[in-house]
Amino acid sequence: MKILHYFRAMRGIMTRELWRFLLQRERFIAALVRPLVWLFVFAAGFRSTLGIAIIPPYETYILYEVYIAPGLVGMIQLFNGMQSSLSMVYDREMGSMRTLLVSPLPRWFLLTSKLLAGTAVSVLQVYTFLLVAWFYDIEPPWLGYLWLFPALVLSGLMLGALGMLLSTFIKQLENFAGVMNFVIFPMFFMSTALYPLWKMKESSEVLFTLAQYNPFSQAVELVRFALYGQFNAYSFYYTVVTLGVFLTLAILGYKPIKGFNKRKGNN
Amino acid sequence: MNTIPALEVENISYAFGRKTALEGINFQVKQGECTILLGPNGAGKTTLFSLITRLYDTGHGKIAINGHDIQRKSTAALAKLGVVFQQPTLDLDLSVVQNLRYHASLHGLSRKQSVQRIQEELERQGMYPRRNEKVRQLNGGHRRRVEIARALLHRPSVLLLDEPTVGLDVPSRRAIVDYIHGLCRSEKIAVLWATHLIDEVYEQDHVIVLHKGSIRAKGPVPEVIWQAPTADNIQQAFHFFTNEENAA
Numbered sequence: 071m072k073i074l075h076y077f078r079a080m081r082g083i084m085t086r087e088l089w090r091f092l093l094q095r096e097r098f099i100a101a102l103v104r105p106l107v108w109l110f111v112f113a114a115g116f117r118s119t120l121g122i123a124i125i126p127p128y129e130t131y132i133l134y135e136v137y138i139a140p141g142l143v144g145m146i147q148l149f150n151g152m153q154s155s156l157s158m159v160y161d162r163e164m165g166s167m168r169t170l171l172v173s174p175l176p177r178w179f180l181l182t183s184k185l186l187a188g189t190a191v192s193v194l195q196v197y198t199f200l201l202v203a204w205f206y207d208i209e210p211p212w213l214g215y216l217w218l219f220p221a222l223v224l225s226g227l228m229l230g231a232l233g234m235l236l237s238t239f240i241k242q243l244e245n246f247a248g249v250m251n252f253v254i255f256p257m258f259f260m261s262t263a264l265y266p267l268w269k270m271k272e273s274s275e276v277l278f279t280l281a282q283y284n285p286f287s288q289a290v291e292l293v294r295f296a297l298y299g300q301f302n303a304y305s306f307y308y309t310v311v312t313l314g315v316f317l318t319l320a321i322l323g324y325k326p327i328k329g330f331n332k333r334k335g336n337n
Numbered sequence: 049m050n051t052i053p054a055l056e057v058e059n060i061s062y063a064f065g066r067k068t069a070l071e072g073i074n075f076q077v078k079q080g081e082c083t084i085l086l087g088p089n090g091a092g093k094t095t096l097f098s099l100i101t102r103l104y105d106t107g108h109g110k111i112a113i114n115g116h117d118i119q120r121k122s123t124a125a126l127a128k129l130g131v132v133f134q135q136p137t138l139d140l141d142l143s144v145v146q147n148l149r150y151h152a153s154l155h156g157l158s159r160k161q162s163v164q165r166i167q168e169e170l171e172r173q174g175m176y177p178r179r180n181e182k183v184r185q186l187n188g189g190h191r192r193r194v195e196i197a198r199a200l201l202h203r204p205s206v207l208l209l210d211e212p213t214v215g216l217d218v219p220s221r222r223a224i225v226d227y228i229h230g231l232c233r234s235e236k237i238a239v240l241w242a243t244h245l246i247d248e249v250y251e252q253d254h255v256i257v258l259h260k261g262s263i264r265a266k267g268p269v270p271e272v273i274w275q276a277p278t279a280d281n282i283q284q285a286f287h288f289f290t291n292e293e294n295a296a
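Respectively, the protein sequence lines represent chains A and W.
Here this note's numbering is used: position 6 in the first sequence is 76, and no number is missing along the way.
Here this note's numbering is used: position 172 in the second sequence is 220, and no number is missing along the way.
The following block holds chain A by itself, in its conformation from the complex (with noise of 0.2 Å):
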């Protein structure tokens, strides 16, 4: 019986969150239009500049839009957690969360189911992305379109979490901005997202460094060999060990006293 209480509660979070982002279309051309621009205007521009040698996991020579790819869906579901974390503060100030933390379950679990929904709708965004992709000549095999889905959970997951351990630490709305200025656009650069690691070690030691332990490119690159039907056990375990870091420490730290009354607690 109590089993059926938590999926039930997990099936209406999810459904409401799903909802939620199909009826809010601005936010789900946004959401496609990004890594669009980036794919066809940038990764364009690029082709000519940078020549990929072939490494692992492709067999070929490939185009710079190939290779990028995987970044861009990686960029996808980082904005997607920091968003979802926003609508957490969002929820947070407007009082939706406070309706969900007053629901007799388990707060850990009110939270990941969450960062469940959240996932949930990032994967539905890569998958619309990489239908458009494959227009654009971007055509991984069938079957890697399948090992993606995993890979997707899992890296939505620990991005979400990591969106969500930055939302216990900010206490107003407008400090957003600040995340994606010193939060984002770092984790996105300093990535695998746009070079590979090899590239980067040609000019520069630290960045090489930061790029090798950065959990975004980590998160590409188990995305990246997914989509071409390879897993990468080092990339997986490192993912779900910054997953279970990421989110033990946003539960613990997820404190609604932050959110909820602040003028009084800053008097």
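The reader is advised that the hints may include incorrect statements.
[As the list claims (entries may be wrong)] Under the rule of at most 25 Å between Cα atoms (straight-line distance), these lysine to aspartate or glutamate pairs were calculated in the DMTMM-like manner:
| id | chain 1 | residue 1 | chain 2 | residue 2 |
| --- | --- | --- | --- | --- |
| 1 | W | K260 | W | E235 |
| 2 | A | K325 | W | D117 |
| 3 | A | K72 | W | D117 |
| 4 | W | K236 | W | D247 |
| 5 | W | K236 | W | D280 |
| 6 | A | K269 | A | E135 |
| 7 | W | K182 | A | E135 |
| 8 | W | K128 | W | E235 |
| 9 | W | K266 | W | E251 |
| 10 | A | K325 | W | E71 |
| 11 | A | K325 | W | E251 |
| 12 | W | K121 | W | D141 |
| 13 | W | K266 | W | E81 |
| 14 | W | K78 | W | E58 |
| 15 | W | K110 | W | E71 |
| 16 | W | K121 | W | E81 |
| 17 | W | K78 | W | E251 |
| 18 | A | K325 | W | D247 |
Worth flagging that the hints you see were computed from the coordinates, not collected in a lab.
Nothing here was measured: the structure is a model prediction, and the numbers come from that model.
Based on these hints, arrange chain W on the given structure of chain A.
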């Protein structure tokens, strides 16, 4: 006869940093009893509600719902609690039914149960014909009714309302006040209603006067009036207890 009080607040104190928000709060609400928590703005009403709903951790003291300690047996306690928060908490872009279904799922109701209860609760408030409209299309009074319907879906034994009529016009306010008082009688729900509007108090209610974080008076309405030497009605009693000179 069930002798356990539906809501029991025992020796609760709470502080934001150095600023004391609540001190030595003690009271009980029995089944079928409508208790009005009267207090001016900043008296500590919302803080008390946040403690009862487990949004804040109880520092000192104990809160129990139907005998279940909110800290130690929080899921059992919260399962019996319905809440209408001061701020609107509905999803504006979702329909009335979608909002209610979400709540039903959080309380683990089956599909069949939730369909049936959503219909019952909405019909009781005359909102059933508008079930498929988006919440955004409803006026403030109707949104409040949906929130009350939502709080009752899982058949709670305690209903908390935090200034639910703020910002509503007089007829909407009256309708909600009458409806909640009716619920106390017909469903035997224990109600704790925070407000600063005296006209929401009925003669048969219980009253708690909260001022600057502590209880200044409590009991059935006639008793509270009697406790204030200069008062003939609850309004005067409220002014008496929240007057600085008398409060000292």
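Tested hints:
For the hint linking W/K260 to W/E235, the alpha-carbon distance of about 33 Å lies beyond 25 Å, and the restraint is violated. With a CA separation close to 20 Å, the supplied pair A/K325 and W/D117 stays within the 25 Å bound. Pair hint A/K72 plus W/D117 holds up; C-alpha atoms about 19 Å apart against a cutoff of 25 Å. As the CA atoms of W/K236 and W/D247 are separated by approximately 22 Å, the hinted pair is consistent with the 25 Å bound.
Taking the CA atoms of W/K236 and W/D280, the gap is about 30 Å. The hint is violated against a cut of 25 Å. Pair hint A/K269 plus A/E135 holds up; C-alpha atoms about 16 Å apart against a cutoff of 25 Å. Of the pairs offered as hints, the one joining W/K182 and A/E135 is violated, with about 42 Å between alpha carbons and a cut-off of 25 Å exceeded. The suggested pairing of W/K128 with W/E235 holds, with an alpha-carbon distance near 14 Å, which does not exceed 25 Å.
Between W/K266 and W/E251 the CA atoms are separated by roughly 14 Å; this keeps the pair inside 25 Å, and the hint holds. For the hint linking A/K325 to W/E71, the alpha-carbon distance of about 22 Å falls within 25 Å, and the restraint holds. As the CA atoms of A/K325 and W/E251 are separated by approximately 40 Å, the hinted pair breaks the 25 Å bound. At roughly 34 Å between alpha-carbon atoms, W/K121 and W/D141 are farther apart than 25 Å, so this suggested pair is violated.
Distance check on the hinted pair: W/K266 and W/E81 sit about 13 Å apart at the alpha-carbon level, within 25 Å; holds. For the suggested pair W/K78 and W/E58, the alpha carbons sit about 14 Å apart, so the restraint of at most 25 Å is met. Taking the CA atoms of W/K110 and W/E71, the gap is near 13 Å; set against the 25 Å cutoff, the hint holds. A distance of roughly 24 Å separates the Cα atoms of W/K121 and W/E81; the hinted pair therefore holds under the 25 Å criterion.
Between the alpha carbons of W/K78 and W/E251 the distance comes to roughly 17 Å, so the proposed pair stays at or under 25 Å and holds. Our distance criterion of 25 Å between C-alpha atoms is broken by A/K325 and W/D247, whose separation comes to about 36 Å.
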